[in-house]
Amino acid sequence: MALPLLRVDNLSIRFPTTEPVSNLSFLVNEKETLAIVGESGSGKSLTALALMRLLPRSAKPSGQIVFAGQDLLKLEERRMRQLRGKDIGMIFQEPMTSLNPVLTIGRQITEVLQLHERLPAKAARSRAIELLDLVRIPDPQRRIDDYPHQLSGGMRQRVMIAIAVACRPRLLIADEPTTALDVTIQAQVLDLLDKLRRDLSMAVLLITHDLGVVAQWADNVVVMYAGRKVEEALPEPLFAHPLHPYTRGLLAASPRLKNNYHYKDGPLTEIPGSIVSAAGEKGCSFRPRCTVAHDSCANAVPDLFVPAANRLVACPYHASFAEEANVALVN
Amino acid sequence: MSLLSIDRLETHYKAPDGVLRAVDDVTLTVESGETVGLVGESGCGKSTLGKTVMRLVDPTAGSIAFRGTDITRLKQNKLQDMRRHVQMIFQDPFASLNPRHTIGQILLAPLTVHGVGTKVERQQLVDAMIDRVGLPRDSLDRYPHEFSGGQRQRIGIARALILNPELVVCDEPVSALDLSIQAQILNLLVSMKKDLGLSYLFISHDLSVVRYFTDRVLVMYLGKIVESADNATLWSSPKHPYTRALMDAVPDPSRRRHVAPITGDLPSAQNIPTGCRFHTRCVLASDICRQQEPEFRSVGKTHHVACHHI
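Those protein sequence lines, which keep their order, are chains E and L. At position 4 of the first sequence the residue is numbered 4 (full-length UniProt numbering), and the sequence of numbers has no breaks. At position 123 of the second sequence the residue is numbered 123 (full-length UniProt numbering), and the sequence of numbers has no breaks.
Here chain E stands alone, though its shape is the one from the complex (with noise of 0.2 Å):
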């Protein structure tokens, strides 16, 4: 049985005049990987800095975010401290930008151990060492002197991530750590990361804007959109049957999923409209661009509603896709 390391509650973070999350709870289990899938203003990436309790000053997170049996949110700054690349490690996209160009890959892996596992230098260095063979970087003696500009994209992100696991954190927040690679490299990188985790038996938490990725290498799904859940799925009956017209829409959108389709066949199925039209919404936060949208979406923001064992939609609409995806099995 599945055991919750970290519980998300009702978090909402507000800023001075937006609130760009809003009742987001979700569950991390111990060993596993959640996807929080979303585009670019669906708030994920706030999200997972709110975890961290890294959100800038004029943020104003309210909820519950328990890790471990404490509120991260309630906790003291000294404590947090110590959480922080601990017990919860964190990658970032961009992995030129979150290294210091001016300290070597080996100097940036030893400064975690140093801190917080109160290694001496020379053992720091050889579990440094040991830590780049484990993320497969190939000549590690010789490696761990070089600076970031030296290495290339994905070993910066697989430097990353033996910074972010030297300490067996428990958690690791990995926000779109694909995004800046290659394919072929992506693939290796969510490999490692798959790994490590089984082999760390630490839970990760996958933000990402890709849909493939997820079906890949997550165990539970979370699709946001303008800072609210709209739906919660395992990965195959979310790819096979999407409830909210928003995934639907991401899937029909999405070329890949049509193999065979080619231009010359017709357009791609459009979302009309952007995330914008999502502002001063006062009902369903996707109503501007659905296809599907009734009167009353208008009126609030839609429950959550529990269409099946594991499932979550925020659309009161979804039970007549559910039907459609019926009739399309029988046939």
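Since the hints were made in silico from the structure, they are not lab data. Treat the hints loosely; a few may be bogus.
Stated by the list, open to error - Just so you have them, the derived chain L footprint on chain E, three or more residues with Cβ under 8 Å:
no., segment
1, 152-158
2, 175-185
3, 213-222
4, 269-283
Glycine included, each C-beta is placed from N, C-alpha and C at the ideal position.
Take the given structure of chain E and dock chain L to it, following the hints.
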């Protein structure tokens, strides 16, 4: 006669410690009305190739001909003529729009530079184009920062197409856009192609987009074309181990976890491996691959591949 024909093109950059062979002996054609896809990883030279076609970068050797006219060494005043017929759409629509100019000024500039029509006619062309790319007329008085990524790319497309060019080089036109916006922009590019009889040289690292959008595909690795075929043939029977690896690497929601199909990083274009340049990452590599560069040869009606093991 091909619309665009590139013959044994090389574009090298001088680096502090040697020469970077970004484009290394590339031959290709784009026929009138055709969309040719150019795929490869970052660093493979695909963007440099696009820029060389536009003559934004000077080629080191080889030739580029547009409608049979050699444009490889054209001087500035003649180049301007050529660019009326060959335009470009860039990846980052924000970086490629002047932040201090209104959209109206941005769209008017190419018409003024090329002396198209009267003032009234130019304004009519601008109005018609902004309608055509699906933006409201009042956009013309606004500045680039006031638009979202997708809208900016519509502006980039409007600017490229306002001169009614024949060939458009698209360098990763949808890579910076969210998925829900990508489809809008791809659909716009397809309908523009139909309306204006355009040809595209479509540069992308995204195989799924290339599969949907192109008629013929060239796969580029470290400055060279390693495989070319019409769209359907390439996807039904990819031959080159690199092409296969690229296809396998695309995450596909219908398959669960898989094994990374290719190991290692792209070698540096300053230090290209001997023999077949892919041999350092290839699962099929043997002695001959390390010693001898494979010939780019025909394996089917439209299908060419450079591999010793095919």
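Non-conforming hints, listed in increasing numerical order:
Nothing - there is no hint that the structure violates, so all of them hold.
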